[in-house]
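Participant: Spelled out, the chains give:
There are 2 protein chains.
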Amino acid sequence: MTISSFQPPKRTLMGPGPSDVSERVLQALARPTIGHLDPAFVGMMDEMKTLLQYAFMTKNELTFPVSAPGSAGMETCFVNLVESGDKVIVCQNGVFGGRMKENVERIGATAIMVEDEWGTVVDPQKLEDALKANPDAKFVAFVHAETSTGALSDAETLTRLAHDHDCLVIVDAVTSLAGSPLKVDEWNIDAIYSGTQKCLSAPPGLSPVSFNERASEVIKNRKSKVQSWFLDLSLVMGYWGAGAKRSYHHTAPVNNLYGLHESLVILQEEGLENSWKRHMDMHLKLKAGLEEMGIGFVVKEGDRLPQLNAVYIPDGVDDAAVRGKLLNDYNLEIGAGLGALAGKVWRIGLMGHACSEKNVDFCLNSLKEVLGK
Amino acid sequence: MTISSFQPPKRTLMGPGPSDVSERVLQALARPTIGHLDPAFVGMMDEMKTLLQYAFMTKNELTFPVSAPGSAGMETCFVNLVESGDKVIVCQNGVFGGRMKENVERIGATAIMVEDEWGTVVDPQKLEDALKANPDAKFVAFVHAETSTGALSDAETLTRLAHDHDCLVIVDAVTSLAGSPLKVDEWNIDAIYSGTQKCLSAPPGLSPVSFNERASEVIKNRKSKVQSWFLDLSLVMGYWGAGAKRSYHHTAPVNNLYGLHESLVILQEEGLENSWKRHMDMHLKLKAGLEEMGIGFVVKEGDRLPQLNAVYIPDGVDDAAVRGKLLNDYNLEIGAGLGALAGKVWRIGLMGHACSEKNVDFCLNSLKEVLGK
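Residue numbers (the working numbering), protein chains in the order written: chain A, 39 to 411; chain B, 39 to 411.
For reference, chain A alone in the conformation it holds in the complex (with noise of 0.2 Å):
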């Protein structure tokens, strides 16, 4: 046995993450690595809070990211604000509200299902009539931009009905994170979560949350303790919180903390709702091109997200064939289809850095000459 070291493809990624990590990103990643300690690193810490309350729009003290994937932000907001015996309305209209419900189910809470159909939007009559059926729902759960799928929902409507029926709502922004309009305190969100690798553009491996003072007070009032010790944010506070000691819980992962810094410094310089018009001008030049070569959308206009462009595969196109040409001869990656749409479609992913003109085109034309338009 002797490895060497991986040298990995320059790749173009055009899939539903990880995206384009840019050249400034990676170079932060190789800074000497610091104390998690450390006042230089404690002066990032608090650096990175204000940064990611910028890109969540919101004021939220309790605003930091988790030491994981978007998957473990996922279950921070599930295993600190619901207790066993709670009972959770998800919205389900993709793979990821299904993951929910595995969150949901696993802490002894009990979830009533809203389904739609995959590929369109959370209906809000159906959340509407949930709630009303189910008077003493705590949480309402859903996903506001459908990585599985492409569909964006509708969060502050969503959100707003939960309120009105007295639930608090936990949000999978994910995707939708500087890709799409997400404004955390002008909507009235209570809990959230979302992931570096998509249209952030840094490495996977942190997943940004926060939480109002709702669901903070919701959290201190716990009768349980939170099942995981490595995400009890009790215990993560003493570290992450405002004021805190910066009391060790557990080692952060300080390099990946710094390519996240990174990114949210080039977000701030290129502005919030740049990114956001970038996203849609560059979605709105793809699908010019691929309705020009025939190719549809699964999910309806005015619906889509930008970010994540679910589409069918031609008749008689081999699925795995053209993906694989792409991936070999061009080093562009798309996404394959995920859950029900396995084998069904293609997800062109145009996140951060990867959201570019130049991509739009080489994406367009490589398909071009794949499938032999």
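It should be emphasised that the hints constitute simulated quantities derived from the structure, not laboratory data.
Just to be clear, a hint being listed does not mean it is correct.
In this list, chains with the same sequence are indistinguishable; a pair is considered to hold if it fits within one copy or across any two.
As the list claims (entries may be wrong) - Result set (DSBU-like, lysine-lysine): computed pairs, CA atoms no more than 35 Å apart in a straight line:
hint : residue 1 : residue 2
1    : Lys363    : Lys87
2    : Lys263    : Lys170
3    : Lys411    : Lys261
4    : Lys315    : Lys261
5    : Lys382    : Lys411
6    : Lys221    : Lys325
7    : Lys48     : Lys87
8    : Lys283    : Lys325
9    : Lys382    : Lys263
10   : Lys139    : Lys258
11   : Lys283    : Lys406
12   : Lys87     : Lys97
13   : Lys263    : Lys325
With chain A's structure known, arrange chain B on it following the hints.
Facilitator: Relative to chain A, chain B alone:
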């Protein structure tokens, strides 16, 4: 609000971890991000398993890095093996045994504590007494290398005792892996977790784990679902498992894995036994220098961890002032005491890349100057 790129200072990291990360590993972090399902990445994953098997001295199929820091590796072991109602004997001789207790109790299982003085090793006789008194215990958990005190317990003997009483062992090897002899197969260890930021000298954020056949069988025969979706091995193994379809569970921390891969390649180049020897040689050199300065060890000779030297702060010396001066004037980080030893000891790490003749000299000279010796 305008926040600039973060430029960390260049420190020498001789605390309890993270340890110094070599330029080679830092450069590996900065390689282009690729997809977590990319065939090139999957090839790297296969190599990663082989390299971790080498470091753990095991043939265990179920050997991989958990996508989060060591605390999550600990939780992976406990939540997958232990079920509600189980009885676990937990040996505590420092901070991390206490954390194991928290893990056990949050599963709804019972922790039988076997306590030893902080700074001493786990007493096999006490464990045997506990095993006899608790014939219904299913697991024994202990810390091989206590990072809070610098004591190295006899993992081989403790494992044999546990097996004699039909218990499986769960071993914390966060600080021992690659720094002290650790032979998973020869010692018959059932489940083990480690960290990347100690003697492997990769950045924090990942936790190598390994499970033998006996542990795998226990996991397969669980009566209940694992309480954590993120850490559920029955799902994670669809991605990391041997012969698995590498199906998506969560997005792996791609660039952090590049770093760990590189650090393991470096370990393989040096040779595991040579790495152990280097840690011992440097420890002896540090010890001689400290003793010359009248500084004594917390742990008695023979039980000491070479890579983590807990020493008493000399009488009349201001703990925080000395550590602050070392950090600010020398860019040298040494560790504070933890838990019961806070304010009483320093923890001087000699881990991985930081474990060098140059660093030992630098540390001794800096300490001498600051203490006015």
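Participant: Each of the hints needs a verdict: does it hold here or not?
Facilitator: Here is what the structure says about each hint:
no.	hint	in the structure
1	Lys363 x Lys87	between (42 Å within a copy, 28 Å between copies)
2	Lys263 x Lys170	both (30 Å within a copy, 31 Å between copies)
3	Lys411 x Lys261	neither (62 Å within a copy, 54 Å between copies)
4	Lys315 x Lys261	neither (44 Å within a copy, 50 Å between copies)
5	Lys382 x Lys411	within (20 Å within a copy, 74 Å between copies)
6	Lys221 x Lys325	within (26 Å within a copy, 57 Å between copies)
7	Lys48 x Lys87	both (32 Å within a copy, 23 Å between copies)
8	Lys283 x Lys325	between (50 Å within a copy, 32 Å between copies)
9	Lys382 x Lys263	between (44 Å within a copy, 31 Å between copies)
10	Lys139 x Lys258	both (24 Å within a copy, 22 Å between copies)
11	Lys283 x Lys406	between (57 Å within a copy, 29 Å between copies)
12	Lys87 x Lys97	within (10 Å within a copy, 43 Å between copies)
13	Lys263 x Lys325	neither (49 Å within a copy, 43 Å between copies)
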